[in-house]
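So you can see what is in the structure, the chains are spelled out below.
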Amino acid sequence: MSELIVFLIAFPVVVSGVLLVVTKGNIRNALVVGACVVVAAASLITVFTFGNGNALFFGLPGGVTPGHLVLVMDAAIAVFIVVVSLQNGRVVAPIMAAAQLGIALYLDLGGHLPDPDPSRLFWFDRLTMVMVLVIGIVGPLICIHALGYMRDYQRSNPMIRGRRTSFFFLLFLFLGAMFGLVVSNDLPMMSVFWEITTICSFLLIGYTRTEETIGYAFDALNMNLLGGLGFSVAMLLLSGQPDGMDLARLTAGPAGAALLPAIALLCLAGITKSAQMPFSSWLLGAMYAPSPTSALLHSSTMVKAGVFLLLRLSPAMAGSAVGMMVAFVGLLTFLFASMVAVTERNTKKVLAYSTIGSLGLIVGCAGIGTPELVWVGVMIVIFHAVAKALLFLVVGTLENRLYTKDMENFDTLLSRMPRVSALALTGIAGMFIAPFGIVVAKWTAIRAFLEVPGFEGATFLIIMAFGSSLTIFYWGKLLIKILSMRSIEPYERSVEDRVTRYEWFAEIVLAVGVVGIAAGLGWISDHVVGPYALAAFSATPRVFLNLSPAMIIVMLVAVLFLPALALWASRRSDYDLADFYTSGRTANAGHLMGAALGGTRTVTLRNYYLEGVIDGSLVFRSGTAVCGVILAGMVLVGLVVRA
Amino acid sequence: MNPLAYGLLFVVVAPIFGGLLAGVDRIVSARMQGRIGPPLLQPFYDVGKLFQKEARQVNPVVEPLLLGHVGFMAAAGALALGGTDLIFIAFVFALAALCLVLAAGSVNSPYSFAGAERELVVLLASEPFFILMLAAICKVTSASTFAGVLASPVMVALELPGVLLAFLFVATIKLRKSPFDISTSHHPHQELVNGLTSDMSGRLLAYVEMAHWYESALLCAFVVLFFNWSVPLGLLAFAIAYGLEVLVDNSTSRAKWQLVLRSTWAVTLLFTGGNVLALFLLGR
Amino acid sequence: MPMSLFKRSPWILHYDGSSCNGCDIEVLACLTPLYDVERFGVVNTGNPKHADILLVTGSVNERNIEIIQNLYRQMPDPKVVVAVGACACSGGIFARAYNIQGGIDQVVPVDVYVPGCAARPESIIDGVVSGIAALEQKRKRSA
Ligand code: SF4
Chain A
1 MSELIVFLIA
11 FPVVVSGVLL
21 VVTKGNIRNA
31 LVVGACVVVA
41 AASLITVFTF
51 GNGNALFFGL
61 PGGVTPGHLV
71 LVMDAAIAVF
81 IVVVSLQNGR
91 VVAPIMAAAQ
101 LGIALYLDLG
111 GHLPDPDPSR
121 LFWFDRLTMV
131 MVLVIGIVGP
141 LICIHALGYM
151 RDYQRSNPMI
161 RGRRTSFFFL
171 LFLFLGAMFG
181 LVVSNDLPMM
191 SVFWEITTIC
201 SFLLIGYTRT
211 EETIGYAFDA
221 LNMNLLGGLG
231 FSVAMLLLSG
241 QPDGMDLARL
251 TAGPAGAALL
261 PAIALLCLAG
271 ITKSAQMPFS
281 SWLLGAMYAP
291 SPTSALLHSS
301 TMVKAGVFLL
311 LRLSPAMAGS
321 AVGMMVAFVG
331 LLTFLFASMV
341 AVTERNTKKV
351 LAYSTIGSLG
361 LIVGCAGIGT
371 PELVWVGVMI
381 VIFHAVAKAL
391 LFLVVGTLEN
401 RLYTKDMENF
411 DTLLSRMPRV
421 SALALTGIAG
431 MFIAPFGIVV
441 AKWTAIRAFL
451 EVPGFEGATF
461 LIIMAFGSSL
471 TIFYWGKLLI
481 KILSMRSIEP
491 YERSVEDRVT
501 RYEWFAEIVL
511 AVGVVGIAAG
521 LGWISDHVVG
531 PYALAAFSAT
541 PRVFLNLSPA
551 MIIVMLVAVL
561 FLPALALWAS
571 RRSDYDLADF
581 YTSGRTANAG
591 HLMGAALGGT
601 RTVTLRNYYL
611 EGVIDGSLVF
621 RSGTAVCGVI
631 LAGMVLVGLV
641 VRA
Chain B
644 MNPLAYGLLF
654 VVVAPIFGGL
664 LAGVDRIVSA
674 RMQGRIGPPL
684 LQPFYDVGKL
694 FQKEARQVNP
704 VVEPLLLGHV
714 GFMAAAGALA
724 LGGTDLIFIA
734 FVFALAALCL
744 VLAAGSVNSP
754 YSFAGAEREL
764 VVLLASEPFF
774 ILMLAAICKV
784 TSASTFAGVL
794 ASPVMVALEL
804 PGVLLAFLFV
814 ATIKLRKSPF
824 DISTSHHPHQ
834 ELVNGLTSDM
844 SGRLLAYVEM
854 AHWYESALLC
864 AFVVLFFNWS
874 VPLGLLAFAI
884 AYGLEVLVDN
894 STSRAKWQLV
904 LRSTWAVTLL
914 FTGGNVLALF
924 LLGR
Chain C
928 MPMSLFKRSP
938 WILHYDGSSC
948 NGCDIEVLAC
958 LTPLYDVERF
968 GVVNTGNPKH
978 ADILLVTGSV
988 NERNIEIIQN
998 LYRQMPDPKV
1008 VVAVGACACS
1018 GGIFARAYNI
1028 QGGIDQVVPV
1038 DVYVPGCAAR
1048 PESIIDGVVS
1058 GIAALEQKRK
1068 RSA
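Residue numbers (my numbering), protein chains in the order written: chain A, 1 to 643; chain B, 644 to 927; chain C, 928 to 1070.
Isolated chain A, as found in the complex (with noise of 0.2 Å):
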């Protein structure tokens, strides 16, 4: 096990060294695509010799230790945020580096680290085992894509000089830190991998080097840095406690008095991670990056980090104060990112708000911290995963064929690109079509917040239910844009023969999977998801998903539903296209229609963004103030109390 552990995290960053300094074109292609099935290959072989699925802990092969390679690498971090922001003028970051290395020397070198367990440095359990998938299968998935994908664009944004070589460094790169920090047990280990994934986010966003996408990659820095310092700060406190660097018996039940504040700390690590408010803004500036790098760090991975560690910390704020406080700032997040989703058009914007809000769900039910609640934590991360993968994928490819991310132009996509419709349609049933996927989490949600009591059950329950049905709102406003059609030009129709067979493949299997997933919803909480609650919480044994063959039935036929229709209806053409509505006067497709004094007019169907109810940028920032009270509230009062 630990040999395939240290092949998982070692051979993508091999990869990502030889792809520096490979430039052909060819070459890269053919080296990313072996390597990419390599990842897959390993990741599905280490989770089939998993065994019994019961916690397993090891070391490294001979019993080694880091030892102070970790403050090696901590330094090495610590040296390049500081050469990288003084390049651009900034300083706040450096001044965050500069005091997480102070930590890191205080603790390694002064002595206050206790030796790690040379056999508990890795841990691998059931949530390791989903988390190891998604990056394992998502990850190569997208890195595929991106081939496709980085070829077009460049194509169509000459203008930004042809890094690829960097790009593919880095994505190989932030897989080997994923894979390193969801095996993690030693958190001083965690921490390293943790600003790995931080500096790839923060090289790729800034990816185009604009004034523009520079400032967003020093946002997400910053705001990344100031978890990556409060999981520091939270090692500094943990320094003295027995065990206190060992992530799964820090977790083993609820924390004493003692231990919350830290885990407060951790907690604010795994909230910026996620772009949970007040940190959301930094996921919008990613937006800019190129949309592979959206749909691998900004919604199917590197974020998940942030959540799995709230996960992970979850049996240990249960019932406490800290774990209520964090299950309002995911929930909050749920209600007013979905708010600000309603009033938006980018459709890619919509995406990241789509994912603040779902990860926010994940939040808030790793917060409250009960075994089903946690259940619905994890169901969502993997429906999430593949499902959103796929949308960001299907976007990106797109924009790269019509040249423009606004869901408004996305009319009529059905007659324009009728196999891509179907991928997004799969990927939008997978996200939020009754009852399958997320919403089977919600309705477990929901029974779940019925036993929360008193006032935080309540709010619980009412903002659910407003939050759901706003997601409803902008999904349903996608999908009308979509499946309306008309009769094409013939050019329009050679649009979608331009799309590369990277992007095919990769679309393709995540749609497979999200279908797959549906069809073993069932098995996959009975033998994955559901032993992992039980065990995280001890709790005794019970039935998740109670699912009669009836809403089996159901389940299947509406994720399938739409994708099927819309391959079936690109295909007939025995209606009439010209044929609706205008008060008798002539329309035609082209959506020309005769007006007053013998002219015509061009029809548009603009979709509602509910102006003059909802104020979007007021919702957002209404949230970001009311949850970074409550997190202030929370950091601050434990920091207070421990000292």
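Treat the hints as calculated values from the structure; they're not laboratory data. From the three backbone atoms N, C-alpha and C, an ideal C-beta is built for every residue, glycine too. Some clues are possibly wrong.
If you anchor each label on the Cβ, the simulated ranges turn out as follows [what the hints assert, rightly or not]:
id, chain 1, residue 1, chain 2, residue 2, range
1, C, C947, A, G612, 35 to 45 Å
2, B, L811, A, E212, 29 to 39 Å
3, A, W568, C, K1065, 27 to 37 Å
4, A, P549, B, L913, 33 to 43 Å
Put chains B and C with the ligand on the given structure of chain A with help from the hints.
Frame of chain A; chains B and C with the ligand shown alone:
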């Protein structure tokens, strides 16, 4: 009788119930306007005729989506009576409504599109209420199924007066009654033409009508949940509520969607949310 | 073939061409409590996609030819046209006006002509009943 049989019974009986209800509705409306009105079976004649007419396909996705609309609406009712978790029903109910929105929205006609967008607003306005209502009913009765609620000794309406009041309000939306008939209308010559259904002809329109029958039957079943100690009392309550809806329908004019959204959310938050909060605080 | 339900549920689309509005008032009178045609299942739909009978008052002019043709075309089969009033039948007192083309039958096939200036509600209802008979014939023919 086992729950599955109740579910099947719903599929068969609900359209008859809903159709008759629509017939009574039209007669009562006519009487309120000093007219005699159509025969009781008029809605069935209409739907029958629609099946005998040509169905113009404007967009090939419309017909399957409308079949989905009827199908999921019937499934929602059948699953509810068939012993499925009630909260799950709220989501199937929303899916059924969404199918109608997509069918109308995917047509390029301005009227149909406006109707679809407004129906989406209606869905956004009413969905939180239905989730909260079903959750609250499950909470007070500690049951999760229809039969479970009926068997519970707790008198739901007495525990949830606020929710019941809000139901009256929100039902106006779901029954597409004025002033909340923003997405479609049976009355012609208005800014919307027929809104959602403007471009549906022949059997396509018949599907919408039938789905509406299922929907009314499901709403009736929801009212019965409130009066779980006596089903006849529940039916009576539904009759009274429906009569009120018809009266309001005949005496008000259509509201703007902004008002519909704001007022429904306010009512949901104040009455339903308040009631739910009280339940949780009192530890019921 | 099952029993035809058209006679129990004739839905009407009322289109006002170049009329003086006299006939339109009479058409609306049919809906009032005095005549209450809804007793016979008649609905004034306002939408060609839902209608069985196109009821036209007033004559055809240069500008509404396109409209009448579009409305007629958009009605699903079977369908009939009832021309109500002298104007709709032949152009009426406006027949010689510079912009008038004549009766409705200049642009779409008319099945029933209802005379009068203005046509009385009784005769309009009678025209609709005749229209239903024509509808029935068309349905049989296409079946
Ligand atoms: S027939 Fe007579 S009443 Fe009717 S529209 Fe013509 S002029 Fe007016």
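Against the structure, the hints come out as follows:
1. A hinted range of 35 to 45 Å holds for the C-beta pair C947 (chain C) and G612 (chain A), which are about 43 Å apart.
2. The given range of 29 to 39 Å is broken by L811 (chain B) and E212 (chain A), whose C-beta atoms sit roughly 52 Å from each other.
3. Our hint of 27 to 37 Å for W568 (chain A) and K1065 (chain C) holds, since their Cβ atoms are close to 32 Å apart.
4. For the hinted restraint 33 to 43 Å between P549 (chain A) and L913 (chain B), the CB-CB distance of approximately 40 Å keeps it satisfied.
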